[in-house]
Amino acid sequence: DGGITQSPKYLFRKEGQNVTLSCEQNLNHDAMYWYRQDPGQGLRLIYYSQIVNDFQKGDIAEGYSVSREKKESFPLTVTSAQKNPTAFYLCATGPQGTDTQYFGPGTRLTVL
Amino acid sequence: EDQVTQSPEALRLQEGESSSLNCSYTVSGLRGLFWYRQDPGKGPEFLFTLYSAGEEKEKERLKATLTKKESFLHITAPKPEDSATYLCAVQATGTASKLTFGTGTRLQVTL
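Sequences listed follow chains D and C, in order.
The first sequence begins at 1 in the numbering used here and counts up by one.
The second sequence begins at 1 in the numbering used here and counts up by one.
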């Protein structure tokens, strides 16, 4: 089965705790992205990576960190420095040579 | 700054009642315009990419068109299963990989 997997679907954390969201793909896509979606707002880019061992900040990178050690994986860590972490987090991938991005099913993070 | 405005925010149609969704954009130079469909609690599903004014693309009951300032998503004879939020995004030239999204149009199709 080809696709993008995000786990878990729902995640609850206490304020002040770091949490890592998983994104795995077996589409052999080079580019991977992290967005957050909040009610009434458009998707906003957090981080993206176009190649293994390299990544760039998006528009709202403060309080987040990422790594890209493998082509298939692009985990996102939401740190305690993120002031308003409760949101729907979406991972996307894109094949080389195109601009189209394909999205995973998302992880809903709630910080209590 | 790139901007995308979608209208209306919400649209309610009866089955079979055709309509259009609008996506107006401001961008220094357009590299591509993207339409996605998103069901509640799920990730967006890719529909279309448009690159130049005058371009049109179709998929089942949906047709996307592009001008220099806006894009339309035409829905012909919609069915209840077309109910979803439709998202528009633009990519500017010189901004590799960065999409700017609108807030979406929430479409409800009733029997």
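Honestly, the hints are just simulated from the structure, not real lab data.
Computed from a prediction, not measured in an experiment: that's the story for all the values here.
Any given hint might turn out to be false.
[Said to hold, decoys possible] Where chain C lies over chain D, by a calculated footprint (3+ residues, C-beta under 8 Å):
| id | stretch |
| --- | --- |
| 1 | 39–48 |
| 2 | 79–86 |
[To be verified] If you want a taste of the chain C side facing chain D, the calculated C-beta under 7 Å gives, among others:
| id | residue |
| --- | --- |
| 3 | GLY29 |
| 4 | PRO40 |
| 5 | LYS42 |
| 6 | PRO44 |
| 7 | PHE46 |
| 8 | PHE72 |
| 9 | THR93 |
| 10 | GLY94 |
| 11 | THR95 |
| 12 | SER97 |
| 13 | THR103 |
Note that beta-carbon positions come from the ideal geometry of N, C-alpha and C, so glycine has one too.
A quick look at each hint next to the structure:
no.	hint	result
1	39–48	holds (count 7)
2	79–86	violated (count 0)
3	GLY29	violated, 14 Å
4	PRO40	violated, 11 Å
5	LYS42	holds, 6 Å
6	PRO44	holds, 5 Å
7	PHE46	holds, 6 Å
8	PHE72	violated, 18 Å
9	THR93	violated, 11 Å
10	GLY94	violated, 12 Å
11	THR95	violated, 10 Å
12	SER97	holds, 5 Å
13	THR103	holds, 5 Å
This entry does not satisfy hints 2, 3, 4, 8, 9, 10, 11, going by the numbered hints stated previously.
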